[in-house]
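Once you have looked at the hints, place chain E on chain F.
Protein chains in written order, with the numbering used here: chain F, 1 to 340; chain E, 1 to 531.
The hints are simulated quantities; they were obtained by calculation from the structure and are not laboratory data. Be careful, since some hints might not be right.
Restraint-style ranges between C-beta atoms, simulated for each label pair [what the hints assert, rightly or not]:
1) E:E275 x F:Y149: 18 to 24 Å
2) F:G277 x E:K407: 22 to 28 Å
3) E:G235 x F:E178: 27 to 33 Å
Idealized CB from N, CA, C, for every residue including glycine.
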Amino acid sequence: MSSTFQGFLLRRLAVSIPLVLAVLFVTFMLVRIGGQDPVALLAGPTASAAEHAAIRAELGLDRPLLVQFGIYLGGVIQGDLGTSWLSSGAVLDEIRGRLFITLELLLWGVAIGALVGVPLGLRAAARRGSFFDQAVRAVSLAGFSVPTYWLGLIAILLFFYFLDLAPAPMGRISAMAERPDAITGSYLIDGLLGGQWQSAGSALAHLILPVCTIAVIACAPIMKQARAIGAEVIESEFIRYARASGLGERRIRRMVLRNSMVPVLTFVGTEIIGLLGTSSLIELIFSWGGIGQWGLQSILNGDFAAVQGYVLFAALLSVVVFLIIDLAVWVLEPRGRGAP
Amino acid sequence: MRFQAMMTSRVRQTLIGFACGVATLAVVAPASAATMVIAATRTPGGFDGDALKPNTQNVVVQTYEGLTRYGYKKNPTTGRMEVDPANIQPHLAASWTTSADGKTWTFKLREGVKSPFGNEMTSADVVWGWQKSLAQKRTGAFIARVSSVKAVEPVDRYTVRFELEQPSKIFLSALTLYTPSIYDATEVKKHASAEDPWALKWIDRNTAGFGAYHLQSLKPGEEAIFVANPNYFGGKPHYDRVVYREVPNAGTRFTLLRTGQVQWTEELTLKQIVELKKDKRVKVESDVGTGHASARINPTIKPFDNPKLRQAMALATDYQAINKAVFEGLGTQARSIVPPIIPGADDEAWTFSTDLTKAKAMLAEAGYPNGIDISLEYSGIFWFEEALAIQLKDSMAKANIRVALKKITDADMRSRTAPNRRDLPFFTFMDNPIVLDPVYALFLNAHSQGASNRNNYKNADFDKIVDAARVEQDPVLRERLVRQAQRIHTGDSSWIMTMYPGVHEAMAPCVTGYVWQPDYHERWRELSCKR
Numbered sequence: 001m002s003s004t005f006q007g008f009l010l011r012r013l014a015v016s017i018p019l020v021l022a023v024l025f026v027t028f029m030l031v032r033i034g035g036q037d038p039v040a041l042l043a044g045p046t047a048s049a050a051e052h053a054a055i056r057a058e059l060g061l062d063r064p065l066l067v068q069f070g071i072y073l074g075g076v077i078q079g080d081l082g083t084s085w086l087s088s089g090a091v092l093d094e095i096r097g098r099l100f101i102t103l104e105l106l107l108w109g110v111a112i113g114a115l116v117g118v119p120l121g122l123r124a125a126a127r128r129g130s131f132f133d134q135a136v137r138a139v140s141l142a143g144f145s146v147p148t149y150w151l152g153l154i155a156i157l158l159f160f161y162f163l164d165l166a167p168a169p170m171g172r173i174s175a176m177a178e179r180p181d182a183i184t185g186s187y188l189i190d191g192l193l194g195g196q197w198q199s200a201g202s203a204l205a206h207l208i209l210p211v212c213t214i215a216v217i218a219c220a221p222i223m224k225q226a227r228a229i230g231a232e233v234i235e236s237e238f239i240r241y242a243r244a245s246g247l248g249e250r251r252i253r254r255m256v257l258r259n260s261m262v263p264v265l266t267f268v269g270t271e272i273i274g275l276l277g278t279s280s281l282i283e284l285i286f287s288w289g290g291i292g293q294w295g296l297q298s299i300l301n302g303d304f305a306a307v308q309g310y311v312l313f314a315a316l317l318s319v320v321v322f323l324i325i326d327l328a329v330w331v332l333e334p335r336g337r338g339a340p
Numbered sequence: 001m002r003f004q005a006m007m008t009s010r011v012r013q014t015l016i017g018f019a020c021g022v023a024t025l026a027v028v029a030p031a032s033a034a035t036m037v038i039a040a041t042r043t044p045g046g047f048d049g050d051a052l053k054p055n056t057q058n059v060v061v062q063t064y065e066g067l068t069r070y071g072y073k074k075n076p077t078t079g080r081m082e083v084d085p086a087n088i089q090p091h092l093a094a095s096w097t098t099s100a101d102g103k104t105w106t107f108k109l110r111e112g113v114k115s116p117f118g119n120e121m122t123s124a125d126v127v128w129g130w131q132k133s134l135a136q137k138r139t140g141a142f143i144a145r146v147s148s149v150k151a152v153e154p155v156d157r158y159t160v161r162f163e164l165e166q167p168s169k170i171f172l173s174a175l176t177l178y179t180p181s182i183y184d185a186t187e188v189k190k191h192a193s194a195e196d197p198w199a200l201k202w203i204d205r206n207t208a209g210f211g212a213y214h215l216q217s218l219k220p221g222e223e224a225i226f227v228a229n230p231n232y233f234g235g236k237p238h239y240d241r242v243v244y245r246e247v248p249n250a251g252t253r254f255t256l257l258r259t260g261q262v263q264w265t266e267e268l269t270l271k272q273i274v275e276l277k278k279d280k281r282v283k284v285e286s287d288v289g290t291g292h293a294s295a296r297i298n299p300t301i302k303p304f305d306n307p308k309l310r311q312a313m314a315l316a317t318d319y320q321a322i323n324k325a326v327f328e329g330l331g332t333q334a335r336s337i338v339p340p341i342i343p344g345a346d347d348e349a350w351t352f353s354t355d356l357t358k359a360k361a362m363l364a365e366a367g368y369p370n371g372i373d374i375s376l377e378y379s380g381i382f383w384f385e386e387a388l389a390i391q392l393k394d395s396m397a398k399a400n401i402r403v404a405l406k407k408i409t410d411a412d413m414r415s416r417t418a419p420n421r422r423d424l425p426f427f428t429f430m431d432n433p434i435v436l437d438p439v440y441a442l443f444l445n446a447h448s449q450g451a452s453n454r455n456n457y458k459n460a461d462f463d464k465i466v467d468a469a470r471v472e473q474d475p476v477l478r479e480r481l482v483r484q485a486q487r488i489h490t491g492d493s494s495w496i497m498t499m500y501p502g503v504h505e506a507m508a509p510c511v512t513g514y515v516w517q518p519d520y521h522e523r524w525r526e527l528s529c530k531r
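The shape of chain F in the complex, shown without the other chains:
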């Protein structure tokens, strides 16, 4: 069993390597031909032509594109993703420092979205055509139609500005609160681990609104997909057979849940990847300071190394999430273990 799984894992990793290389190459070329020029930005409005040329040479941008890519790739292989020209920090350190900040937001949001969306979707599948089903479909459609940015702003307006229930949307912790000692990078977890309850409380209060915004965005497609998957399973021959054989409704529901789990889980995984881009906007309006906000600002400022680092991070996150899903499916679905 173990060797089969190892082989499966190795095959998955082997497929991932060319994928990551292609992402690296395409991103590298796109940021350079995309019309952004960090030289003009760094040189400032008063620089002479000679100063422009000196900065271009200093950044290595005067070399042929393929040579630049070769140097970059060599660095990536050695764990050096380059230096952000705007912050002067190593890109790897920038990503490391923001990794948990974004993952905390994203994973809580998707988890809550899934915890709400999956049961509602499956229940709607079981009661197709009912009022409950219609309501789930309507809510799901509304969730799809609402722009993320707008939803975040409305949430701030309602819960912070009018109702005064949420803290100010200016980051992960109050400006007045003590920062917990850094362990994981999550103020909530670090505050809890270090016994700094006030800090953890502030972090939790700041998490609620952006997490709920992500959860609403994540919930709609999860609910819709869970309903469709559930309906398909309910219509399947083995469920009809089970029902004809007189199996109890409770037992049938458990069978439906078990057989829906694999495709639903796969879909939830894809949602995590899909919401990485969406979370950039959420981070921006809540001043969250994670990888999404950093990536967006890097794109706007033509910070080539940072943009490449951001896209590489997104690609690697996809690889890791799909590997975890594959692992979960492998555990949950014995029938597929022999498959390539």
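For chain E alone, coordinates are given in the frame of chain F:
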């Protein structure tokens, strides 16, 4: 049993503490009187005034101060204090003398000025900062070049001498700037190495000046915290701690200020400013500033080499409509390349009030009786560009000047208006001269060697007059030259001069002491909160 009781009590305490944390911080208490929270557009990219990155300038002006500073005067109309460009006062320098030929300046430094590290400022610190800037060949080197500084040398512990290539009237103004910075060289040198002799890496992530504040901590993407320099020569500022919090969204910054969560906010839109002016929970202070929203015409490119066409374009521009539609009525009409706040600004040569009949007649004289098709490039560097371009298209169409609008990338705009290209025929842009001197503004924006002469304006007579003004020591003759130069430039009509959108700073109503600065950044040391 005892263990169980202890654990129960501990768990209870934990839960109570945590719940209290959530409850008290769900509604964040406003900042204490000694802490100012600023909603900033982003955390500073670095702290080296010679290598400007986003938001670097906003904070280095708080940590590095100049040998001189502008004096203030009361504006008789508004009753507010404003910068007086004609009154330059000692700051980190106690006094100065100049040689008869105006080429040698000797500064006596203020004694007892200390950095947060406890080191006293000496002539060696001033010299080190200038040498660093000259070696880096960036912003500070540009300032040295335009103010004609040839050499800086120590005379004794508290005396420093500047040698100029030629007499310069802008030299004292240039010394008000944050760069070339005066570093605590004793501290900075501890972080230098053979590969990095100027400790640039350390300077980029830390501060070591003699200014009122210094950097305590930086969390990129989240906040930078500054604390007052305990040894500051000017005494303790009101705010002993400044939290420079990154809030990238303008809507969020707007809301935070209105709800009293921050005391100061950066970069709001003019629409938001108009809203805030009506809101009693917020105070807005407005100044004309030096930023001039203009559309520039490259007179070296056909058909714009025809001066009559350029004049027809200026006559066809509806300035009032632009002010109303683009600048919410808050703009000030621009009539010279020299901003009105600078002494010597002369708007008498501007004779381009909107007149469609005259515009059509001028266009016919230019050889285009049936009108002309031209294109206008704009980018997203400045928030107003697209709206201004649309207004220009609309108003010029009424005089048969058919303008096709073309949006280009910010990078394209920057590179095509840089000194080595300057190949855009007609485009929108804004420059704001940081030194409040008319010759500096004229040289920077319109001299053939000027770094911001983006439309490649070339007029030998203009260059000759500006060159003469650069070395002229007699203030009356200098002012005469400045006026002559403006008349030539305005008459040539290579800029469609539209509006000074103004500087509109929004703050908590209790904040007092704000005075607009030529670098557009408030000085935290001058602010206080009087409830």
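Now the hints, each set against the structure:
no., hint, verdict
1, E:E275 x F:Y149: 18 to 24 Å, "holds (20 Å)"
2, F:G277 x E:K407: 22 to 28 Å, "holds (24 Å)"
3, E:G235 x F:E178: 27 to 33 Å, "holds (29 Å)"
Every hint from the earlier list agrees with this structure, and none is contradicted.
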